[in-house]
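**Student:** Sequence:
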Amino acid sequence: MSSSPLPASPRPPEHPLLPLPTEIDISNASGLLPLIMSGAGHRPDPPRILVLDLTATRFMDSQGVRLINEVRRALPPGTRLHLVARPGGVVGRLLELTGLRRDVPVYDNAAEAMGAGASI
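For the sequence shown, the working numbering gives the first residue as 637, with consecutive numbering after it.
Since the hints were derived computationally from the structure, they do not count as laboratory data. For every residue, glycine included, the Cβ atom is placed at its ideal position computed from N, Cα and C. Warning: the hint list may mix true and false statements.
[To be verified] Okay, the calculated beta carbon distance ranges per label pair:
| # | residue 1 | residue 2 | range |
| --- | --- | --- | --- |
| 1 | L733 | P680 | 33 to 41 Å |
| 2 | P680 | P723 | 34 to 42 Å |
| 3 | T658 | P680 | 32 to 40 Å |
| 4 | D739 | S674 | 21 to 29 Å |
| 5 | I662 | E732 | 15 to 23 Å |
| 6 | R684 | E732 | 19 to 27 Å |
| 7 | D681 | V726 | 34 to 42 Å |
Can you build the whole structure from these sequences, using the hints too?
**Tutor:** The following block contains the structure:
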């Protein structure tokens, strides 16, 4: 199990896409926040959106939900968070059950999440 996101996919710098590990739980969630925030970049103009790709994530508990909420709160003003999760997968169901899906847009694939960001 990797405790950090995978290297970001090549995307325009204003739209960071960060793949997350296969498991997000108490053993790695606290260490992911600084990695995600550094992946979002420290630049004069913050990104308009940050996309977290959870399609490879097969297990996520309440610490993962907490992590997503912490990321939302830590993003600079004007930056929106988008999530990518497999339809019908464990992560998607958890996002639905916890109500987080109402607060953070969840897409079936990265192209949709990035395309939605282009119109913001």
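**Student:** A separate judgement is required for each hint: does it hold in the structure or not?
**Tutor:** Structure-based check of each hint:
In this structure the supplied range 33 to 41 Å holds for L733 paired with P680, their Cβ-Cβ distance being about 39 Å. As the Cβ distance of P680 to P723 is approximately 37 Å, the hint placing it in 34 to 42 Å holds. Roughly 34 Å separates the CB atoms of T658 and P680, a value that falls within the hinted 32 to 40 Å. Distance hint check: the CB atoms of D739 and S674 are about 23 Å apart, consistent with the given range 21 to 29 Å.
For I662 and E732, the hinted distance range of 15 to 23 Å is satisfied, since their beta carbons lie about 22 Å from each other. In this structure the hint that R684 and E732 lie 19 to 27 Å apart at CB holds, the actual value being about 26 Å. One distance hint, 34 to 42 Å for the beta-carbon pair D681 and V726, holds here, with the actual separation near 36 Å.
Hint compliance for this structure: no hint is broken.
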